[in-house]
Amino acid sequence: MIETGAVAALLAMLAIVGVAIARIRNLFGVVVLSGAYSFIMATALAALDAADVAMTEAAVGAGISTVLLLGALHLVGSLEAKPARRPAWPLAVVIFTGLLVAYGTHGLPAFSDPQSPIHRHVAPRYLEDGPRETGVPNVVTAVLASYRGYDTLGETTVVFAAGIGVIALLRRRRRKDGEGGP
Amino acid sequence: MIYAPAIVALLVTLALALVRAFLGPTLFDRALAVNAIGTVAMLLLAVLEFLTGRPEYTDLALVYGLLNVVGTIAVLKFFRLGDLGHASPVDDEEMR
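Chains as they are written, first to last, in numbering that gives the first Met the number 0: chain A, 0 to 181; chain B, 0 to 95.
Please keep in mind that the hints were generated in silico from the structure rather than gathered at the bench. Given the structure is predicted, the values throughout are model-derived calculations rather than measurements. Here a beta-carbon is modelled for each residue, glycine too, at the ideal position from N, C-alpha and C. Hints should not be assumed to be uniformly reliable.
What the hints assert, rightly or not - Taking beta-carbon pairs under 10 Å as the criterion, some of the chain A residues facing chain B (in silico):
#1 Gly4
#2 Ala46
#3 Val66
#4 Gly70
#5 Ala83
#6 Ala87
#7 Leu90
#8 Ala91
#9 Val93
#10 Ile94
To be verified - Which stretches of chain A does chain B cover? Using the computed rule of at least three CB atoms under 8 Å from a CB of chain B, they are:
#11 6 to 17
#12 104 to 113
#13 125 to 131
#14 138 to 145
#15 152 to 163
Unchecked claim - Over the 10 Å line for every Cβ pair with chain B, so calculated as not near, a few chain A residues:
#16 Ile1
#17 Leu32
#18 Ala80
#19 Pro82
#20 Arg85
#21 Trp88
#22 Pro89
#23 Phe95
#24 Thr96
#25 His118
#26 Arg119
#27 Ala122
#28 Gly134
#29 Tyr149
#30 Ala167
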């Protein structure tokens, strides 16, 4: 019960941080708050038993994103220009989409319901036949590397391409600095 | 049960740190606030894990701690040098 309350409090804080990120004009404050957002989000995810997602959220959101956004801040300056007009129409679209998503959650099975389709579709076969079909003793590794091997290959390619892009951008800038210096 | 009051206290601390990150007049207030938020998130995770009887997930809290250090060092290096990529010429000058 206290766990549910803690998750609810964390989600409420997430909403407050989201509004604050949208309101603040100081971009450094935005970067700092987005790091805080990731930490709170990761804690909420871990409290909801999604340890792997929580680990990813903490590593990507609070670790790498903060560093990359600070690097970007160095290039663009840390004060956001005032918007030319009040964005009422996009706000309406966002609120409508949010309500739609909230309505959609009523169609989902209850949280961690063992009878839900996702636990009855292919999971039993992975658990029962995974070691025999793939020869991999760890079920998670078998699913990731064998049953969803092409999916994982695609993900790795995307991450690799993104890393190459970041390195190319950062290196080009540093070399220019070196030429301008003594 | 000792864990419930601990969780409530940590949530209150988290809210206070968030207020500081939001209001923070100087950038150092914000950096310190986000560091505190990372620490509180770590503690909260540890307490939640013991509350739900899965202390083996405490590794996750350790990862949070490490990431918190990385983020804070990045922020402070950005303050000092205005850039993250340089091999810190400021330090070189101070060495001499």
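Tested hints:
1. Interface restraint check: glycine 4 (chain A) against chain B, minimum CB-CB distance 8 Å, threshold 10 Å, status holds.
2. At a threshold of 10 Å, the smallest CB-CB gap from alanine 46 (chain A) to chain B is about 5 Å, leaving the interface hint in force.
3. With a cut of 10 Å, the hint placing valine 66 (chain A) at the interface with chain B holds, because the nearest CB-to-CB distance is about 4 Å.
4. The beta carbon of glycine 70 (chain A) comes within 5 Å of a beta carbon in chain B, closer than 10 Å, and the hint placing it at the interface holds.
5. At its closest, the beta carbon of alanine 83 (chain A) sits 25 Å from a beta carbon of chain B; the interface hint therefore is violated under the 10 Å criterion.
6. Taken as an interface hint, alanine 87 (chain A) does not check out: its beta carbon lies about 24 Å from the nearest beta carbon of chain B, beyond 10 Å.
7. A least Cβ separation of about 20 Å between leucine 90 (chain A) and chain B goes past the 10 Å threshold, and the interface hint is therefore violated.
8. The beta carbon of alanine 91 (chain A) comes no nearer than 25 Å to any beta carbon in chain B, farther than 10 Å, and the hint placing it at the interface is violated.
9. Hint on valine 93 (chain A) is violated. Least Cβ distance to chain B is approximately 21 Å, over the 10 Å limit.
10. The interface hint given for isoleucine 94 (chain A) is broken, as the beta carbon of that residue sits about 22 Å from the closest beta carbon of chain B, more than 10 Å.
11. Counting residues of the segment 6 to 17 of chain A whose beta carbon lies closer than 8 Å to any beta carbon of chain B gives 5, which reaches the threshold of three, so the coverage claim holds.
12. Check result for the segment 104 to 113 of chain A against chain B: violated, 0 residues qualifying (beta carbon to beta carbon below 8 Å, three or more required).
13. Interface restraint, the segment 125 to 131 of chain A with chain B: violated (0 residues with C-beta to C-beta distance below 8 Å; minimum three).
14. Residues of the segment 138 to 145 of chain A with a Cβ under 8 Å from some Cβ of chain B number 0, which does not satisfy the need for three, so the listed coverage is violated.
15. Under the rule that three or more residues need a Cβ within less than 8 Å of chain B, the assignment of the segment 152 to 163 of chain A is violated, with 0 such residues.
16. Against the 10 Å criterion, isoleucine 1 (chain A) falls within the reach of chain B, whose nearest CB is about 5 Å from its own CB.
17. Against chain B, the non-interface label of leucine 32 (chain A) is violated: not every CB pair exceeds 10 Å, the least being about 6 Å.
18. Annotated as non-interface, alanine 80 (chain A) keeps its C-beta farther than 10 Å from every C-beta of chain B; the closest such distance is 19 Å.
19. Interface exclusion of proline 82 (chain A) from chain B stands, the closest Cβ pair being 20 Å apart, more than 10 Å.
20. Against chain B, the non-interface label of arginine 85 (chain A) holds: every CB pair exceeds 10 Å, the least being about 22 Å.
21. No Cβ of chain B approaches the Cβ of tryptophan 88 (chain A) within 10 Å, the least distance being about 27 Å, so the stated non-interface status holds.
22. With a cut of 10 Å on Cβ distances, proline 89 (chain A) stays outside the contact zone with chain B, its closest approach being about 23 Å.
23. No Cβ of chain B comes within 10 Å of the Cβ of phenylalanine 95 (chain A); the nearest lies about 27 Å off, and the non-interface call holds.
24. Separation of threonine 96 (chain A) from chain B is adequate, the least Cβ-Cβ distance of about 25 Å exceeding the 10 Å criterion.
25. The claim that histidine 118 (chain A) lies off the interface holds: its Cβ sits roughly 19 Å from the closest Cβ of chain B, which is beyond the 10 Å cut-off.
26. No beta-carbon of chain B is positioned within 10 Å of the beta-carbon of arginine 119 (chain A); the least distance is around 24 Å.
27. With a cut of 10 Å on Cβ distances, alanine 122 (chain A) stays outside the contact zone with chain B, its closest approach being about 21 Å.
28. Glycine 134 (chain A), annotated as away from the interface, keeps every beta carbon of chain B farther than 10 Å; the closest lies near 27 Å.
29. Against the 10 Å criterion, tyrosine 149 (chain A) stays outside the reach of chain B, whose nearest CB is about 29 Å from its own CB.
30. Residue-level check passed: alanine 167 (chain A) sits 13 Å from the nearest beta carbon of chain B, beyond 10 Å.
The structure is inconsistent with the numbered hints 5, 6, 7, 8, 9, 10, 12, 13, 14, 15, 16, 17, although it conforms to all the rest.
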